Amino acid sequence: MSSDDRFDGMYMNLAQQCRGIDPLLDSVFGFLRRKTDFFSGPPGEDNGAEKAVAKVMEILERHRKLANKDKEEKKAKAAKQKAEKERRRKEKEEKDRKAREEKDKEEGNDGVIEMGDGGFDVDKVAAADASQPPPAPMGSDLSASAPPPSGGSDKEKVGAGEGQGEDEDEDDGTPPPPGNGGTVEGKYTWTQTLQEVTVHVDVPAGTKGRDLSVSLKKQGLSISVKGHSFAGGDISGTLSKAIVVDDSFWTLEDNKAVVVNMQKLNGMEWWSHVLSGDPLINTQKVQPENSKLADLDGDTRQTVEKMMHDQRQKALNLPTSEEQKKLDILEKFKIQHPEMDFSNAKFS
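Residues 1 to 348, numbered by full-length UniProt numbering, are exactly what the sequence shown covers, in order.
To be clear, the hints were calculated from the coordinates, so they are not data collected in a lab.
Just so you know, these numbers come straight off a predicted model, no measurement behind them.
By construction, the Cβ of each residue, glycine as well, lies at the ideal position given by its N, Cα and C atoms.
Relax, there's no trap hidden among the hints.
Here are the simulated BS3-like pairs of lysine-lysine, each with C-alpha atoms no more than 30 Å apart in a straight line: (1) Lys208 - Lys187; (2) Lys218 - Lys256; (3) Lys325 - Lys105; (4) Lys80 - Lys65.
Restraint ranges, calculated between C-beta atoms of paired labels, are given here: (5) Asp247 - Ser276: 18 to 26 Å; (6) Gly267 - Ser321: 18 to 26 Å; (7) Lys217 - Lys90: 52 to 60 Å; (8) Lys217 - Asn255: 19 to 27 Å; (9) Lys80 - Phe39: 40 to 48 Å; (10) Lys80 - Gln302: 43 to 51 Å; (11) Asp46 - Gly20: 30 to 38 Å; (12) Phe39 - Lys69: 28 to 36 Å; (13) Glu331 - Glu253: 51 to 59 Å; (14) Asp8 - Glu93: 40 to 48 Å.
Can you make the complete structure from the sequences, with help from the hints?
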């Protein structure tokens, strides 16, 4: 501890008791006057008080200079901290600017088309020129490379061949699936929204909750009535898609129907069936309620509308949003390179 601060504790206690600078100074000088010869000086001196005042002024001036020095040091330190803060801010702005430029550059290169020795090859472009008529029933690379509707199996895929006839039948008046779901004859009916799937199972009248055994797992569902058999028998199987178990539940309605409400793990896709092996519905015919669509937040609604648009495009054997984007990139490339021959272009 330095000589300047070794008595700080004592002085702090004294200052608290004096309750102010003036009373503190008055107490110190009173002590010097009463208990020392500070003011009177050594015996025989007549100017002791004048020397005391001079000594006080000397010490006061020294501490004034120290106080000014401390003030300048604090000011310089604050200026240095401010300059450092400004430097870091500019560095961050420069870093963010470069990151944005790099991102814009990458986005601008999304449509880069590479050429190899064997000819012109467009990587991942899954659509041909939109102005050309649909290919023959045997299918083409465009329809074969288009991704199937979400949640679909092979039976749901709509291509240029089998899907063309199926769409014609549907356009002739095939209604959308009731409740966007379906019926498994003799077992259960089901409906769905984008976020939920609801299964209705008829059980013997008078069934109590304690008679039921219902199991909900991430990808499994089973329903049975203890000690009873009922039309259709027990239900048990693997779910076609995963669910959120903690947000799923079941209820017994009027002691004659079990209603299972399951929260989809992926709330951005339609289910084509509930349990593996059950009949499939055509998810391209699903029609979400407009009121429910309006309730979605902006990003989710945009995604849903894009998905619905892509399903309609596939049903008409037309390019989806992503495929159209790639087509536009290809057309732009053709315009920029009129000297190139695209007659033998291979699309993959």
